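Engineer: Based on the sequences and whatever the hints tell you, model everything.
Number of protein chains: 4
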Amino acid sequence: MEASGSYFNEGGGQDGPFDRLREECGVFGVFGYEDAASLSYYGLHTLQHRGEESAGICTSDGQTFRYHRGMGLVKEVFDKDRLASLEGDRAIGHVRYSTSGDSRLANAQPLVFKTRDGDLAVATNGNIVNAPMLRRELEQKGSIFQTTSDTEVIAHLIARSESDFVTAAKDALRQLVGGFAFLILTNDKLIVASDTYGLRPIVMGRLGDAWVFSSESCAFDTIGADFVRAVEPGEMLVFDAMGYRSERFAPVAKRALCSMEFIYFSRPDSQLYDVNLHTARKRMGMRLAEEFPVEADLVSGVPDSSISAAIGYAEKAGIPYEMGMIKNKYSGRTFIQPSQELREQGVKMKLSAVRSVVEGKRVVLIDDSIVRGTTSRRIVKMLRDAGALEVHLRIASPPFKNPCFYGIDTPTSDDLVAFTHTVEQICELTGADSLAFLSQPGMIDAIGGAFGKEASGGLCLACFDNDYPTPLGYSAKMTSCGC
Amino acid sequence: MEASGSYFNEGGGQDGPFDRLREECGVFGVFGYEDAASLSYYGLHTLQHRGEESAGICTSDGQTFRYHRGMGLVKEVFDKDRLASLEGDRAIGHVRYSTSGDSRLANAQPLVFKTRDGDLAVATNGNIVNAPMLRRELEQKGSIFQTTSDTEVIAHLIARSESDFVTAAKDALRQLVGGFAFLILTNDKLIVASDTYGLRPIVMGRLGDAWVFSSESCAFDTIGADFVRAVEPGEMLVFDAMGYRSERFAPVAKRALCSMEFIYFSRPDSQLYDVNLHTARKRMGMRLAEEFPVEADLVSGVPDSSISAAIGYAEKAGIPYEMGMIKNKYSGRTFIQPSQELREQGVKMKLSAVRSVVEGKRVVLIDDSIVRGTTSRRIVKMLRDAGALEVHLRIASPPFKNPCFYGIDTPTSDDLVAFTHTVEQICELTGADSLAFLSQPGMIDAIGGAFGKEASGGLCLACFDNDYPTPLGYSAKMTSCGC
Amino acid sequence: MEASGSYFNEGGGQDGPFDRLREECGVFGVFGYEDAASLSYYGLHTLQHRGEESAGICTSDGQTFRYHRGMGLVKEVFDKDRLASLEGDRAIGHVRYSTSGDSRLANAQPLVFKTRDGDLAVATNGNIVNAPMLRRELEQKGSIFQTTSDTEVIAHLIARSESDFVTAAKDALRQLVGGFAFLILTNDKLIVASDTYGLRPIVMGRLGDAWVFSSESCAFDTIGADFVRAVEPGEMLVFDAMGYRSERFAPVAKRALCSMEFIYFSRPDSQLYDVNLHTARKRMGMRLAEEFPVEADLVSGVPDSSISAAIGYAEKAGIPYEMGMIKNKYSGRTFIQPSQELREQGVKMKLSAVRSVVEGKRVVLIDDSIVRGTTSRRIVKMLRDAGALEVHLRIASPPFKNPCFYGIDTPTSDDLVAFTHTVEQICELTGADSLAFLSQPGMIDAIGGAFGKEASGGLCLACFDNDYPTPLGYSAKMTSCGC
Amino acid sequence: MEASGSYFNEGGGQDGPFDRLREECGVFGVFGYEDAASLSYYGLHTLQHRGEESAGICTSDGQTFRYHRGMGLVKEVFDKDRLASLEGDRAIGHVRYSTSGDSRLANAQPLVFKTRDGDLAVATNGNIVNAPMLRRELEQKGSIFQTTSDTEVIAHLIARSESDFVTAAKDALRQLVGGFAFLILTNDKLIVASDTYGLRPIVMGRLGDAWVFSSESCAFDTIGADFVRAVEPGEMLVFDAMGYRSERFAPVAKRALCSMEFIYFSRPDSQLYDVNLHTARKRMGMRLAEEFPVEADLVSGVPDSSISAAIGYAEKAGIPYEMGMIKNKYSGRTFIQPSQELREQGVKMKLSAVRSVVEGKRVVLIDDSIVRGTTSRRIVKMLRDAGALEVHLRIASPPFKNPCFYGIDTPTSDDLVAFTHTVEQICELTGADSLAFLSQPGMIDAIGGAFGKEASGGLCLACFDNDYPTPLGYSAKMTSCGC
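Residue numbers (the working numbering), protein chains in the order written: chain E, 1 to 483; chain L, 1 to 483; chain F, 1 to 483; chain X, 1 to 483.
Each hint should be verified, as a subset may be incorrect.
Note: identical chains are not told apart, hence a pair may lie in one copy or across any two.
[What the hints assert, rightly or not] Below are the PhoX-like pairs computed for lysine-lysine, each with C-alpha atoms no more than 25 Å apart in a straight line:
hint, residue 1, residue 2
1, K361, K381
2, K329, K170
3, K329, K75
4, K75, K327
5, K350, K75
6, K141, K189
7, K141, K170
8, K327, K350
9, K316, K361
10, K189, K170
11, K80, K350
12, K80, K381
13, K80, K327
14, K401, K254
Think of the hints as simulated: they come from the structure by calculation, not from any bench. A quick note: this is a predicted structure, and the numbers were derived from the prediction, not measured.
Structural biologist: Laid out in C-alpha cells, this is it:
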C-alpha cells in the first residue's frame with residue numbers, strides 16, 4: 001500500500017498529444033440494500049468505460065464508514081475479502097479517468113472527510129468551473145486541502161456552514177457553477193444532486209426496496225434494477241431512514257445535457273431519458289447516409305464506438321457492412337507500446353485494418369468524431385496500406401471546435417483541427433477521398449426522443465457551436481475533469 | 001516468482017461445467033529479425049484470444065537461449081525490461097489456454113530442454129492422440145518427464161534418437177498421431193510442422209528478410225508482415241542460416257482443417273487459405289437466413305463471436321440489426337463472480353440484454369454454436385426478462401454432437417445437448433420460440449473459397465458428423481488440448 | 001496502490017495482548033543537502049527499529065513538494081526510481097509503529113497539507129496529551145480532518161492563525177501539552193521542535209554544509225554526519241536559506257527525557273546527550289550484578305535488547321556469558337504464526353533456548369523489563385524445558401507500574417504485572433527460581449553522564465514512580481503514540 | 001507466477017566481488033507427522049541463514065505429490081493457504097543460496113520428477129564433484145535435463161536403473177563423488193543420505209512417532225523435536241511405512257566434516273556431534289587470546305558471526321567486551337545500495353562503527369575469517385574514522401587459502417588474500433595495527449568434543465591445508481554449490 005506523487009505539482013504529465021476525448025468519471029450509489037458494496041462493485045464495473053484509472057467504494061452501516069480506493073480497474077482494486085469487509089446497506093462508488101496527468105491515489109474518490117457533524121464522503125462526475133475561486137476563499141479562512149480535486153470544495157463548504165447538514169449541502173451546491181453530478185454520503189443520509197443544467201447525467205433506479213443511482217442506466221440492467229428516472233437539473237434528493245424528499249437547490253434552468261454522451265461516452269445499452277444510445281447512434285449513421293451518400297463497396301466503423309453508426313449508415317445506404325478494421329480487445333494500460341522503429345515497420349498497437357476485407361474495395365469509414373485529426377490520418381493510411389481503393393470518411397457528429405469546461409478532457413481550440421481547418425483542409429490532411437460531418441440539426445433530429453422536441457434539443461452543444469450554458473468568467477478555464 | 005501445484009495430480013479443477021468451447025493455444029515464430037522477441041510479443045498479443053492463461057517467448061541469438069514464461073496475459077507476463085533481455089534474431093512464442101484444470105506454470109510453453117545436442121525449445125498448438133502411449137514407452141526406457149504436457153514427448157523422441165537433429169525431428173513427427181502445429185527451436189535451426197491432416201492451422205509470412213509463423217494470419221497484419229501461405233499437411237519446414245527447405249515427414253493425406261476455426265476460434269480478421277473469417281461468418285449468417293427465415297423486428301448476435309453472422313442474417317433477411325445484447329469488455333480472470341443470491345436477483349457478469357432495444361420486440365438471436373445448452377437458456381431468459389416478445393434462436397453451424405480429440409476442450413458426448421436431444425427438445429429446453437441450425441452443406445458452401453470446392457470442404461467435421469480423420473484407438477481418449 | 005481502512009473506527013485491532021513495549025516512531029530531517037531523499041532513506045533505515053509499519057519521505061526543492069509514503073519497511077516502501085523522483089535539498093522523513101491497531105496508510109507520515117501559505121509537511125514522534133480537545137475545537141470551527149493522527153492538529157492550528165508562518169508555528173506549539181519531537185517543512189523553511197520537557201529525543205548533526213536531524217544519533221553515524229547537540233526542551237529551531245535561529249516557544253521546564261529510551265528503545269550505538277546506550281545498558285547490568293548477585297553457571301540475555309546488560313552482569317559477576325537463548329532474525333511481519341497445537345508441541349516462533357548450552361546448568365537470565373509477565377513465563381519455561389537446572393531472572397530496570405502518555409504503547413495499569421503483583425508474586429508467576437529488579441537510584445546512577453548529576457536524573461520516570469511531568473487532566477487518556 | 005532466465009547460460013552474474021563466504025543450502029525432512037508441511041516451514045525458517053534465495057517444500061500423503069517453490073525467504077514464499085494446501089505426512093524442504101549468479105526459480109529445490117516408478121523429489125545440500133561428467137554421459141544416452149543443478153543427476157541415474165528403487169538409489173549414490181547430504185522422497189519412501197566423508201552435516205531427530213531430518217540441529221529445538229544422531233558418512237537411511245533401515249552405500253571412509261560449519265555457517269545454537277557451536281566459537285576466541293594476546297581497552301566482534309569468539313577473547317584476556325560495531329538487522333536483498341558518492345561521504349549500508357564506544361580506545365576486533373580482505377580493510381577504516389586509536393585484528397580461524405569444492409561458494413586461490421599474501425602483508429593491506437590468525441591445532445583443540453580426539457579432528461581442513469578428502473580430477477572444478 002502506498003500513496004505518492006508530486007502532490008501539489010498540478011498539470012503536466014500528458015505523454016504526447018492524445019487524440020480521443022477521454023471519459024471523465026462514473027458514480028454509483030446504493031441506499032437500503034444489505035450488501036451495498038457488492039452491488040456497487042457490479043455497478044461500477046458496468047461504468048468502467050467512464051474511467052479506468054482508479055476506483056473506490058465507501059459504505060456506511062448507519063454508524064461507521066468503511067472504504068477502499070485504489071489505482072486500476074474495479075476488478076483489480078477489489079478482491080473478495082476487501083469487498084466483504086465493506087459492510088453496510090448504503091454506499092457510494094466512483095471510477096475515475098486520469099485527467100491533466102494527475103492520476104494520484106490521493107485524488108481517487110470517494111473522498112472521505114471527518115467533520116464536526118461526523119463522517120462525510122463525496123463522489124462526483126463533472127467539473128466545477130468556479131472551484132479555484134472557492135478554494136482560494138476557503139484557504140484564506142484557514143481550511144486545509146488534502147487533494148487537488150474540485151470535489152473537496154463542497155466538503156469544506158458544508159463543514160464551515162453553521163446550518164444543519166441538509167441546509168449546508170443545499171447552500172454549498174448553490175455556490176457551485178459548472179457541470180456535475182454529486183453523491184454525498186453521511187452515516188444517516190445520502191444526497192444525490194445534478195447541476196442546474198443537467199450537464200452531466202445521473203439516473204435513479206429501484207431494486208426491491210433499495211434505491212440505486214448511476215451515471216448511466218446500463219448499470220441498472222447489470223444488477224437487475226429498474227430504471228426510474230433521471231435526476232433533474234438543479235434537483236437535490238435526500239435519502240434517509242424515513243424515505244426521501246426532492247428539493248431544488250436552484251431555480252429551473254434550461255436543460256443542457258452533454259451531447260458527447262450521445263455521440264461517444266455512454267455505453268450503447270444505456271438510456272438517456274427516453275433514448276437508447278445504440279439506437280440513437282444508428283440513427284445518426286442513417287442520417288449521415290442521407291446527408292452525405294457516396295458510392296462504395298462496403299461500410300466499416302472505427303471500433304468500438306462507431307460500430308452502431310456504421311451499421312446505420314450501411315443499412316440506409318444499402319451498402320454491405322463489413323469488418324474492415326479490428327481492435328485488439330486485450331490492449332490496455334500495461335501494454336508495451338511499440339518502438340518508433342517497429343511502428344514505422346507497421347506494428348499496430350490496438351487498431352488494424354483487415355486486408356482480406358478492404359483490398360481492392362471502396363470503403364466508407366464511419367467515425368464518431370475528429371479531435372486533433374491525427375488518428376483519422378493514421379486510420380486512412382492503414383486502410384490504404386491494406387489495399388483499399390478509396391476511403392470516404394464520414395463523421396457521425398458536427399465538427400468539434402470548442403473545448404469543454406464541464407468534465408471532458410479536451411485540447412484547447414488551437415489543437416482542435418475543426419477549429420483551425422475547413423472541412424476540405426481536414427479531408428486533405430487525413431488523406432481521405434472525401435469527408436463529411438453530420439449536420440447539427442441532423443444530429444439533434446437523430447437523437448430524437450425528448451431531445452428532438454426541445455429547441456436546441458435540450459443539449460449542451462458548446463463544443464460544436466460555442467454556446468456555453470454557464471458563465472465561464474473565472475480565473476482559470478479548466479478544460480479537464482475536476483473530479 | 002514461484003512455481004507450484006499438485007504436480008502429478010492431473011485432471012479435475014473445472015469449477016462447474018463451462019458452456020463455451022475453449023481455445024486451445026496459439027503459436028508464433030520468427031526467424032531472422034533483429035528484435036525477434038518484440039515481434040513475438042506483438043504477434044502473441046494478437047493471438048491472445050487463443051489462450052489467456054499463460055504466455056512465453058524463447059529466443060536464440062545463435063548461441064544462447066533466453067526465455068521467459070508466466071501465468072496471465074501477454075501484457076501481464078512481459079514488461080519492457082523482460083522483453084529487452086530476450087536478445088536474439090529468432091524466437092518462438094506461445095499463448096496457452098487452461099485445459100483439464102491444469103494450468104500450472106510448469107506446463108507453460110515454450111518448453112525448454114537441454115539435450116546432448118544442445119538446447120531445444122518447443123511450442124505447440126493441438127493434441128497428440130497417442131501421446132500417453134509414447135510417454136509410457138519413454139518412461140520405461142528411463143526418461144524423466146517434467147510436465148504433464150504432450151509437447152514434452154517430441155523432445156524426448158528427438159533426444160533419444162541417434163540420428164542428426166533434422167532426421168530425429170522428422171522421425172519423431174512421423175510417430176505422432178493427432179492434430180498439431182509445432183515450432184521447434186535450436187540454436188541454429190527453426191522447424192515448423194503441421195500434422196498430416198492440417199487439422200490445426202499454421203501460416204507463414206514474410207517481413208523484409210525475416211520469416212514469421214503464426215497460428216493465424218491476423219498476427220501478420222499487426223506486425224506489418226505479408227501472408228505467404230499455409231504450412232501444408234504433413235509438411236516440415238527447416239530454417240537455418242542458409243535459408244530453408246521443405247520436406248514431408250509423412251505422405252500426403254486428405255486435408256481436414258478444423259471447422260470450428262471458421263465458426264468460432266479464429267479472429268474475424270484472420271484468413272484461412274483464401275477465406276476471410278468475418279466474411280465467411282457473415283455468409284454463414286446469410287445462408288442461415290435463407291435456410292431458416294422468420295418474421296421479426298430485429299436481429300441481434302451473441303457478442304463477440306456471433307456478430308458477423310448476425311449482420312449477415314440481418315442483411316439477407318432485410319431485418320434491422322440491433323444491439324440487443326452487450327458484453328462487458330472489462331470482465332476477465334480476476335473478476336469477482338456474483339454470489340448465487342445476487343445472481344438470482346439479476347446481477348449479470350458479462351452479458352446483458354438491452355431493455356430499451358428489445359422491449360416489446362420480436363428478436364432473432366444468432367449464436368455460433370450450442371455446446372451444453374445452458375448458456376442459450378440463460379440468454380433467452382435474459383432477453384425475455386428484458387421484455388422481448390419472441391426469441392428466435394438461429395445457430396450459425398450444425399448441431400455439435402461429438403467431442404474433439406484434436407485440441408479443443410469439449411465435454412463428452414453425454415454432455416453435448418445436440419447429441420442427447422433433438423432440435424425440438426433443445427428448443428424447448430432453451431425456452432426459445434423457435435430454433436434452427438445451419439445445415440452442414442450450407443456451412444461448407446458459406447465457408448467457400450478453397451473449401452467449397454473439395455468434397456467435404458477439406459474440413460474436419462467430426463464434431464458434427466462423427467467422421468474423425470485420424471485413428472482414435474488409443475488407451476486414453478483425451479478430449480482436451482495437449483499443449 | 002491503494003488506500004483503505006475502516007477510517008473513523010479507531011481503536012481495537014490488537015490481536016491478542018502483546019507483551020513488549022512497542023516503539024513509537026522515528027523522524028529524520030535534512031536541510032541543504034543536494035540529494036536529501038537518499039540521505040533520509042539511509043537515516044530512516046537506521047531508525048527502522050523505532051517503527052516497522054510505515055515509512056515516508058517528503059522533499060522540497062524550494063518550490064515544489066514531492067513525497068512518497070507506504071506501509072512496510074523503508075526498503076520495501078522505496079525503490080530506486082521512487083527515491084530518485086524525490087528531488088530537493090531538504091526533506092523530512094518518518095517511520096511509524098502501528099499503535100492502537102490503527103495502522104492505516106492515511107496515518108503514515110509525513111502528513112502533507114495545502115494551506116493558504118502554501119505546502120506544509122509534518123513528521124512527529126510522541127503524543128500530544130491534549131490533542132482530542134484541540135481537535136474538537138478545530139472541528140467546531142469547520143476544520144476537516146483527514147487522519148486520526150494527533151499530528152494533524154498542529155497543521156490546522158498553523159493554517160488558522162492570522163500571523164506569519166513562524167509565529168503561527170510558535171503559537172501552535174505553545175498550545176500543545178505532551179511529549180513530542182516535530183519536524184515541520186514548508187517550501188522555504190524547516191522547523192525542528194521538542195516538547196517543553198524534552199521527553200522525546202531529537203538531535204541535530206552536521207554533514208558538510210548541510211544540517212541533519214534525527215530521533216537518534218545512530219543515524220548520523222550511518223550517513224557520516226557529525227553529532228552536534230540535542231534539541232533542547234521547549235526549543236524551536238527555524239532553518240531557511242539565510243541560516244538558522246533558535247527560539248523558545250515555552251519557558252524552560254525541568255528536563256524529563258524518557259527513561260525507556262535508555263532501557264529499551266534506542267539503538268545500542270546511539271548516544272543520548274553524553275551517554276552511549278550500549279555502555280549505559282552494560283553498566284545497568286553491572287549494577288544489577290552488584291545489587292542482586294546469585295550463584296550460577298552462566299549468564300544469558302533475552303535477545304536482542306538485553307544482551308548489553310547481560311554482558312555487563314556476566315563481567316561484573318565473573319560468571320561466563322553464554323548464548324542460552326537465540327532469536328531468529330528472519331521472523332517478522334509476514335511470518336505464519338504456529339497453530340495452538342503446534343505451539344503446544346513446542347514449536348517456537350522467534351525465541352528459542354539452546355539446549356546444549358543450558359542443559360544441567362544454573363542460568364541467570366537478564367531481561368530489560370517486564371510488562372505483562374507472559375513473555376517472562378514463557379521464556380523461563382523454555383529454559384527449563386531445555387534442561388536448565390535453575391533460572392534466576394534479573395531485570396535491568398525498576399518495576400514498570402504506570403502507563404505512558406507520551407508516545408509509548410503500554411497497557412493500562414491493570415495489565416501491568418508490576419502494578420498488580422509484588423516482586424515475590426511475579427517471581428512465582430514466571431516460574432523463576434529468583435527474581436530481582438534494578439533499583440531506581442541504581443538505574444539513574446548507571447545511566448550516568450549528564451543524567452547521573454541531576455536530581456531524578458533529568459529523566460521521566462513516570463512509568464516507575466507515577467510522577468508524570470505534564471498535567472494529564474484531559475478527556476481521553478491516550479496510552480499510545482499519537483503520531 | 002513466472003519462470004525465466006537465460007537458462008543455459010551458466011556462470012556470470014556476480015555483481016562485484018563479494019567478501020563473505022556464502023551459505024550453500026539447507027535441507028529439512030519429515031516422515032510420519034500429520035501436518036508435515038507446517039513442520040517443514042518452521043524447520044526451514046530456522047535454517048534460513050543457510051540460504052535466503054529460494055525455498056520449497058514437497059509433500060506426499062502416500063499417493064500424491066504436492067509442492068511449492070519460490071524465490072525469497074521461507075516467510076515470503078509460503079502463505080497460510082499455500083501451506084495448508086500441502087497435505088501429507090511426509091515432506092522434504094529446501095532453502096537455497098544463489099551461487100554462480102544463477103538463482104533461477106527452475107533450480108529451486110526440491111526438484112520434482114516423474115519417472116516410470118512414479119513421482120520422485122530430491123533436496124540436496126552440497127556439491128557433486130563429478131556431476132558434469134555424469135551429466136554428459138546421461139545426455140549422450142538421451143536424457144533431457146531441465147535444470148543446471150547437480151541434483152538432477154541423481155534422479156536420472158535412478159530413473160535409468162533397471163533395479164528396484166532402493167537398489168537404484170544406492171547404485172546412484174555410489175557413483176557420486178563430492179560432499180553432499182540428500183533427502184529423496186517417493187510416495188512410499190524417504191531416503192536420507194550423507195556423502196562418504198560426512199562433509200556436509202545432516203542430523204536426525206524424533207518428534208513423537210515422527211522422524212525429522214535437518215542440516216542443523218537448531219531446527220529440532222525450534223519444533224520441539226529431540227536430537228537423535230548425525231547421519232553417518234556413507235550411510236543411507238530408508239524410511240517407509242514399516243519403519244526404517246540403515247544401509248551403507250559405500251565402505252567407511254575417514255570422516256571429514258566441513259570445518260567452516262564450525263567457524264561460520266552453522267547457527268550458534270546448533271550442535272555438531274557433541275559440540276555446541278556458540279561454545280566452540282567462544283573457545284576459539286579464548287584460544288586466540290592465549291595464542292595472540294594484545295594490550296587493549298576493549299574487544300569487539302564483527303556481527304553477527306564473530307560475537308561468540310569475541311566474547312571468548314574478552315573473557316580470557318580480561319578486557320571488556322563492548323559493542324564497537326553494529327549491524328543493521330533490516331538490511332537485505334531489496335535494500336538500495338548507496339551510490340559511490342554517498343559511500344565516499346561515509347554512508348554505510350550494513351555495518352557501522354560506534355563512535356561513542358571506540359573513540360580514543362585501543363580496540364581488539366575479532367572476525368571469523370578473511371576471504372578477499374576487502375571487508376577487513378573497510379572495517380578497520382571504519383573504526384579509525386570513528387576515532388579508534390589502535391585496531392588489532394584477530395581472526396578466529398587459520399588463513400583461508402584454498403577454494404572449496406564441496407558446496408561453499410569461494411573465490412579461486414588467486415582471489416584469496418591468504419593465498420597470495422603473507423600475514424604481515426595482509427596486516428598492512430587491511431591497515432590494522434596488528435593481525436593474527438588462530439592456529440590450525442588451536443582451532444581443532446577449541447572445537448573439541450569428538451573432533452578434538454581424532455587426528456586432524458575428523459574435519460575437512462582443505463581450505464586451510466590443501467588436503468582435499470576426495471579426488472578432484474574431473475573436467476570442471478566447480479567452486480560453488482551444486483544444489
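Engineer: All hints are to be evaluated individually against the structure, with a verdict given for each.
Structural biologist: A quick look at each hint next to the structure:
| no. | hint | verdict |
| --- | --- | --- |
| 1 | K361 <-> K381 | within (14 Å within a copy, 41 Å between copies) |
| 2 | K329 <-> K170 | neither (43 Å within a copy, 38 Å between copies) |
| 3 | K329 <-> K75 | both (16 Å within a copy, 12 Å between copies) |
| 4 | K75 <-> K327 | both (22 Å within a copy, 16 Å between copies) |
| 5 | K350 <-> K75 | both (22 Å within a copy, 13 Å between copies) |
| 6 | K141 <-> K189 | between (28 Å within a copy, 22 Å between copies) |
| 7 | K141 <-> K170 | both (21 Å within a copy, 19 Å between copies) |
| 8 | K327 <-> K350 | both (5 Å within a copy, 19 Å between copies) |
| 9 | K316 <-> K361 | both (19 Å within a copy, 21 Å between copies) |
| 10 | K189 <-> K170 | within (14 Å within a copy, 40 Å between copies) |
| 11 | K80 <-> K350 | between (31 Å within a copy, 18 Å between copies) |
| 12 | K80 <-> K381 | neither (46 Å within a copy, 28 Å between copies) |
| 13 | K80 <-> K327 | between (31 Å within a copy, 22 Å between copies) |
| 14 | K401 <-> K254 | within (22 Å within a copy, 61 Å between copies) |
Hints 2, 12, counting from the list given before, are not met by this structure.
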